[in-house]
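Q: When you get a sec, could you build the whole thing from the sequences and use the hints?
Sequences listed follow chains A and B, in order.
Per my numbering, the first sequence starts with residue 600, numbered consecutively.
Per my numbering, the second sequence starts with residue 1122, numbered consecutively.
Hints listed in this document are in silico derivations from the structure and should not be mistaken for laboratory results.
The model shown is predicted, which means the values in this text are computed figures rather than measured ones.
All C-beta atoms in this analysis are idealised placements derived from N, C-alpha and C, irrespective of residue type, glycine included.
One or more hints might be untrue.
Stretch by stretch, here's where chain A covers chain B in the computed footprint (C-beta under 8 Å, at least three residues) [unchecked claim]:
| no. | stretch |
| --- | --- |
| 1 | 1165-1176 |
| 2 | 1223-1233 |
Over 12 Å on every C-beta distance to chain B, these chain A residues come out as not near it, computed from the model [to be verified]:
| no. | residue |
| --- | --- |
| 3 | L610 |
| 4 | T625 |
| 5 | A669 |
| 6 | K670 |
| 7 | T708 |
For the chain B half of the interface with chain A, some residues (derived, Cβ under 8 Å), not all of them [what the hints assert, rightly or not]:
| no. | residue |
| --- | --- |
| 8 | L1211 |
| 9 | G1217 |
| 10 | G1218 |
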Amino acid sequence: DQQVKQNSPSLSVQEGRISILNCDYTNSMFDYFLWYKKYPAEGPTFLISISSIKDKNEDGRFTVFLNKSAKHLSLHIVPSQPGDSAVYFCAASQGGSEKLVFGKGTKLTVNP
Amino acid sequence: KAGVTQTPRYLIKTRGQQVTLSCSPISGHRSVSWYQQTPGQGLQFLFEYFSETQRNKGNFPGRFSGRQFSNSRSEMNVSTLELGDSALYLCASGWGGSSEQFFGPGTRLTVL
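A: What follows is the structure, encoded as structure tokens:
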């Protein structure tokens, strides 16, 4: 049973526009959520995180929104740049555990 | 500050053999986690070590084992290799008190 789901395997946007990547989870015990970016032949790179006590966290061009009642989070990238083209993973954990449960990723392509 | 390093980067083994992968965490990090990434299953948690003790374990058979040394470096071992063990094995390190982790580039294991 997949506890963290990224239902869109791919997303294509134009440079300068907004990219919105979505993630759903089923385990209500998750209290910490993270987004990672991964380029081919590299390990995932941490982007941004959010605790369940917040509904929004912003870091530069990246904003993560959390809707606990819907068990849904999203990552907004504004404005999108070609260098943002990568696979984005949503991950969740509970109780400060180092065990991360990952979604299967969304491949973002930003076209110049 | 040096990132997480993993050795070797690539490995080819045959069925039935065993393999040992190594991970050196970021200096000061005491938690090391291991993940397996495959096209079908995505990123899956194997286990986590903190101060030489296994704190968390994922749903993998006993053929997968690990350990952590007093300098926080970690190794994972897979015995009696199967074709399905072909994957990218990722190591991540963290402070141990939060879920934020930093990943190495991974070891690509191919089992023939």
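Q: Next step is simple, just say for each hint if it's right about the structure.
A: Outcome of the hint check:
1. With a cut-off of 8 Å between beta carbons, the stretch 1165-1176 of chain B has 5 residues touching chain A; three or more are needed, and the interface restraint holds.
2. Taking a C-beta to C-beta cut-off of 8 Å, the stretch 1223-1233 of chain B contributes 5 residues in contact with chain A, enough for the three needed, and the coverage statement holds.
3. Distance check on L610/A: its Cβ is at least 17 Å (rounded) from any Cβ of chain B, clearing the 12 Å threshold; non-interface status holds.
4. The claim that T625/A is not at the interface with chain B holds, since no C-beta of that chain comes within 12 Å of its own (minimum 15 Å).
5. The claim that A669/A is not at the interface with chain B holds, since no C-beta of that chain comes within 12 Å of its own (minimum 21 Å).
6. With a closest Cβ-Cβ approach of about 18 Å to chain B, K670/A is found to remain outside the 12 Å limit, as its non-interface label requires.
7. For T708/A, the condition that its CB be more than 12 Å from all CB atoms of chain B holds, with the nearest at approximately 19 Å.
8. A distance limit of 8 Å between C-beta atoms decides the matter here; for L1211/B the minimum to chain A is near 5 Å, and the interface restraint holds.
9. A distance limit of 8 Å between C-beta atoms decides the matter here; for G1217/B the minimum to chain A is near 7 Å, and the interface restraint holds.
10. Nearest Cβ of chain A to the Cβ of G1218/B: about 7 Å, under the 8 Å cut. The hint holds.
Hint violations for this structure: none, all hints satisfied.
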